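Chains as they are written, first to last, in the working numbering: chain A, 1 to 140; chain B, 141 to 280; chain C, 281 to 420.
Warning: the hint list may mix true and false statements.
Subject to a maximum C-alpha distance of 27 Å in a straight line, what follows is the list of computed DSSO-like cross-link-like pairs (lysine-lysine) [stated by the list, open to error]:
{"id": "1", "chain 1": "A", "residue 1": "Lys2", "chain 2": "C", "residue 2": "Lys311"}
{"id": "2", "chain 1": "B", "residue 1": "Lys204", "chain 2": "A", "residue 2": "Lys64"}
{"id": "3", "chain 1": "B", "residue 1": "Lys171", "chain 2": "A", "residue 2": "Lys2"}
{"id": "4", "chain 1": "B", "residue 1": "Lys271", "chain 2": "B", "residue 2": "Lys204"}
{"id": "5", "chain 1": "C", "residue 1": "Lys311", "chain 2": "B", "residue 2": "Lys251"}
{"id": "6", "chain 1": "C", "residue 1": "Lys389", "chain 2": "B", "residue 2": "Lys171"}
{"id": "7", "chain 1": "B", "residue 1": "Lys251", "chain 2": "B", "residue 2": "Lys171"}
{"id": "8", "chain 1": "B", "residue 1": "Lys171", "chain 2": "B", "residue 2": "Lys249"}
{"id": "9", "chain 1": "A", "residue 1": "Lys131", "chain 2": "C", "residue 2": "Lys389"}
{"id": "10", "chain 1": "A", "residue 1": "Lys111", "chain 2": "A", "residue 2": "Lys31"}
{"id": "11", "chain 1": "B", "residue 1": "Lys142", "chain 2": "B", "residue 2": "Lys251"}
{"id": "12", "chain 1": "B", "residue 1": "Lys171", "chain 2": "B", "residue 2": "Lys142"}
{"id": "13", "chain 1": "C", "residue 1": "Lys311", "chain 2": "C", "residue 2": "Lys411"}
{"id": "14", "chain 1": "B", "residue 1": "Lys271", "chain 2": "A", "residue 2": "Lys109"}
{"id": "15", "chain 1": "C", "residue 1": "Lys344", "chain 2": "C", "residue 2": "Lys411"}
{"id": "16", "chain 1": "B", "residue 1": "Lys249", "chain 2": "A", "residue 2": "Lys31"}
{"id": "17", "chain 1": "C", "residue 1": "Lys282", "chain 2": "C", "residue 2": "Lys311"}
{"id": "18", "chain 1": "C", "residue 1": "Lys311", "chain 2": "B", "residue 2": "Lys142"}
{"id": "19", "chain 1": "B", "residue 1": "Lys271", "chain 2": "B", "residue 2": "Lys171"}
{"id": "20", "chain 1": "C", "residue 1": "Lys344", "chain 2": "C", "residue 2": "Lys282"}
{"id": "21", "chain 1": "A", "residue 1": "Lys109", "chain 2": "C", "residue 2": "Lys282"}
{"id": "22", "chain 1": "C", "residue 1": "Lys391", "chain 2": "A", "residue 2": "Lys2"}
{"id": "23", "chain 1": "C", "residue 1": "Lys391", "chain 2": "A", "residue 2": "Lys31"}
{"id": "24", "chain 1": "A", "residue 1": "Lys2", "chain 2": "B", "residue 2": "Lys249"}
{"id": "25", "chain 1": "C", "residue 1": "Lys311", "chain 2": "C", "residue 2": "Lys389"}
{"id": "26", "chain 1": "A", "residue 1": "Lys31", "chain 2": "C", "residue 2": "Lys389"}
{"id": "27", "chain 1": "B", "residue 1": "Lys204", "chain 2": "C", "residue 2": "Lys282"}
{"id": "28", "chain 1": "B", "residue 1": "Lys251", "chain 2": "C", "residue 2": "Lys282"}
{"id": "29", "chain 1": "C", "residue 1": "Lys344", "chain 2": "A", "residue 2": "Lys64"}
{"id": "30", "chain 1": "A", "residue 1": "Lys111", "chain 2": "B", "residue 2": "Lys142"}
{"id": "31", "chain 1": "A", "residue 1": "Lys131", "chain 2": "A", "residue 2": "Lys31"}
{"id": "32", "chain 1": "A", "residue 1": "Lys111", "chain 2": "C", "residue 2": "Lys389"}
{"id": "33", "chain 1": "C", "residue 1": "Lys389", "chain 2": "B", "residue 2": "Lys204"}
{"id": "34", "chain 1": "A", "residue 1": "Lys111", "chain 2": "C", "residue 2": "Lys282"}
{"id": "35", "chain 1": "B", "residue 1": "Lys249", "chain 2": "C", "residue 2": "Lys344"}
Keep in mind the hints are simulated off the structure, nothing from the lab. Computed from a prediction, not measured in an experiment: that's the story for all the values here.
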Amino acid sequence: MKSHTRHLTLHVRERMDFVNITPQVEEEVAKSGVREGLCLVNAMHITASVFINDDEPGLHEDYKRWLEWLAPYDPSPERYHHNRTGEDNGDAHHKRQVMGREVVVAVTKGKLDFGPWEQIFYGEFDGRRDKRVLLKIIGE
Amino acid sequence: MKSHTRHLTLHVRERMDFVNITPQVEEEVAKSGVREGLCLVNAMHITASVFINDDEPGLHEDYKRWLEWLAPYDPSPERYHHNRTGEDNGDAHHKRQVMGREVVVAVTKGKLDFGPWEQIFYGEFDGRRDKRVLLKIIGE
Amino acid sequence: MKSHTRHLTLHVRERMDFVNITPQVEEEVAKSGVREGLCLVNAMHITASVFINDDEPGLHEDYKRWLEWLAPYDPSPERYHHNRTGEDNGDAHHKRQVMGREVVVAVTKGKLDFGPWEQIFYGEFDGRRDKRVLLKIIGE
Chain A
1 MKSHTRHLTL HVRERMDFVN ITPQVEEEVA KSGVREGLCL VNAMHITASV
51 FINDDEPGLH EDYKRWLEWL APYDPSPERY HHNRTGEDNG DAHHKRQVMG
101 REVVVAVTKG KLDFGPWEQI FYGEFDGRRD KRVLLKIIGE
Chain B
141 MKSHTRHLTL HVRERMDFVN ITPQVEEEVA KSGVREGLCL VNAMHITASV
191 FINDDEPGLH EDYKRWLEWL APYDPSPERY HHNRTGEDNG DAHHKRQVMG
241 REVVVAVTKG KLDFGPWEQI FYGEFDGRRD KRVLLKIIGE
Chain C
281 MKSHTRHLTL HVRERMDFVN ITPQVEEEVA KSGVREGLCL VNAMHITASV
331 FINDDEPGLH EDYKRWLEWL APYDPSPERY HHNRTGEDNG DAHHKRQVMG
381 REVVVAVTKG KLDFGPWEQI FYGEFDGRRD KRVLLKIIGE
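With the hints as extra help, turn the sequences into a complete structure.
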């Protein structure tokens, strides 16, 4: 069995934004030499997500509005008790649960085994600082 | 290490519906010859989900009403900017995020290592056309 | 390829609560002898979750209030048709979808490859009885 590990560092300038990381994942799959296996991609921070969806700016705007409805940004300690710790990112911990921590993608014949529109995104909900994404590829 | 790949094609007649695909997954696990390993099942389309829950029609009705509350179908370009691309399925991209893209199931002694009520469903949110589900089983 | 399987039993006294199971998962990773691989942790019940987030009591209170807004507990058969089966846990099946069934964590150099705040939680939404969590570790 082969295994390949890579930690990416991302720095998103906005509080909330989505970054297409598919090219970096494809590059690491190629480097891994794995032809048949699984590729895990996960956020290493708990106010961020990795998810698969469409690379369409209108949809990303929709997601942002929708997540803001589901879990509004509110630095006060009333809405989110988490903010009583001195943090202001209670909302980000909720948005991350909706969008998910990780994706697992099949590797087939040396490539990500994707449908026509699948793209991998890093979802940032408490940006403006360095954060890490983990790639782990195992197989043969 | 053994690996086994299968792409299923599904065609759901309704816009939104859930299909129990557990028998097909069990069949592929048996074919794979894997006794100990992991089984990934994922939607290959970004307006569909694969998830594990109960095979109970009342619950499925509940999920449909709830998802419609969380992300109502609305073909207009006002609610979902995604629909400005000419699509009418902005809602489906949101519903899929709530229900998830994929499940990873343990294979133990040659079978899906399931609790008493776990069943695997394909969740369709923009149906009436062919869509694919990927099964990847790795292990020994 | 090595594989290691463990079924944990949990009994949560409240209807809804979160239990940090990171120490148990770390122990099983050590027992597995796997240095490089993947670790799956999933709820075996469909009214429970396994998820990764912060071990901060204020945040857990926030999650409980938020999940109650998203899918309120209501034993009547009106809100949840699922409760027409004699169950009273329709809400729990919804809360579990928001928080997720499983996590997949990379194992690197014999340890969970975690960011600074990542902790694994069992999320119970229909407690007061024994439930199981599955750990499956594969790799080399």
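Evaluated hints:
{"no.": "1", "hint": "A:Lys2 to C:Lys311", "verdict": "holds (21 Å)"}
{"no.": "2", "hint": "B:Lys204 to A:Lys64", "verdict": "holds (23 Å)"}
{"no.": "3", "hint": "B:Lys171 to A:Lys2", "verdict": "holds (23 Å)"}
{"no.": "4", "hint": "B:Lys271 to B:Lys204", "verdict": "holds (20 Å)"}
{"no.": "5", "hint": "C:Lys311 to B:Lys251", "verdict": "holds (23 Å)"}
{"no.": "6", "hint": "C:Lys389 to B:Lys171", "verdict": "violated (33 Å)"}
{"no.": "7", "hint": "B:Lys251 to B:Lys171", "verdict": "holds (11 Å)"}
{"no.": "8", "hint": "B:Lys171 to B:Lys249", "verdict": "holds (14 Å)"}
{"no.": "9", "hint": "A:Lys131 to C:Lys389", "verdict": "holds (21 Å)"}
{"no.": "10", "hint": "A:Lys111 to A:Lys31", "verdict": "holds (11 Å)"}
{"no.": "11", "hint": "B:Lys142 to B:Lys251", "verdict": "holds (15 Å)"}
{"no.": "12", "hint": "B:Lys171 to B:Lys142", "verdict": "holds (11 Å)"}
{"no.": "13", "hint": "C:Lys311 to C:Lys411", "verdict": "holds (23 Å)"}
{"no.": "14", "hint": "B:Lys271 to A:Lys109", "verdict": "holds (21 Å)"}
{"no.": "15", "hint": "C:Lys344 to C:Lys411", "verdict": "holds (20 Å)"}
{"no.": "16", "hint": "B:Lys249 to A:Lys31", "verdict": "violated (33 Å)"}
{"no.": "17", "hint": "C:Lys282 to C:Lys311", "verdict": "holds (11 Å)"}
{"no.": "18", "hint": "C:Lys311 to B:Lys142", "verdict": "holds (23 Å)"}
{"no.": "19", "hint": "B:Lys271 to B:Lys171", "verdict": "holds (23 Å)"}
{"no.": "20", "hint": "C:Lys344 to C:Lys282", "verdict": "violated (38 Å)"}
{"no.": "21", "hint": "A:Lys109 to C:Lys282", "verdict": "holds (23 Å)"}
{"no.": "22", "hint": "C:Lys391 to A:Lys2", "verdict": "holds (17 Å)"}
{"no.": "23", "hint": "C:Lys391 to A:Lys31", "verdict": "holds (23 Å)"}
{"no.": "24", "hint": "A:Lys2 to B:Lys249", "verdict": "holds (23 Å)"}
{"no.": "25", "hint": "C:Lys311 to C:Lys389", "verdict": "holds (14 Å)"}
{"no.": "26", "hint": "A:Lys31 to C:Lys389", "verdict": "holds (19 Å)"}
{"no.": "27", "hint": "B:Lys204 to C:Lys282", "verdict": "violated (41 Å)"}
{"no.": "28", "hint": "B:Lys251 to C:Lys282", "verdict": "holds (17 Å)"}
{"no.": "29", "hint": "C:Lys344 to A:Lys64", "verdict": "holds (23 Å)"}
{"no.": "30", "hint": "A:Lys111 to B:Lys142", "verdict": "holds (17 Å)"}
{"no.": "31", "hint": "A:Lys131 to A:Lys31", "verdict": "holds (23 Å)"}
{"no.": "32", "hint": "A:Lys111 to C:Lys389", "verdict": "holds (25 Å)"}
{"no.": "33", "hint": "C:Lys389 to B:Lys204", "verdict": "violated (44 Å)"}
{"no.": "34", "hint": "A:Lys111 to C:Lys282", "verdict": "holds (24 Å)"}
{"no.": "35", "hint": "B:Lys249 to C:Lys344", "verdict": "violated (37 Å)"}
Checked against the numbered hints listed earlier, the structure breaks hints 6, 16, 20, 27, 33 and 35; every other hint is satisfied.
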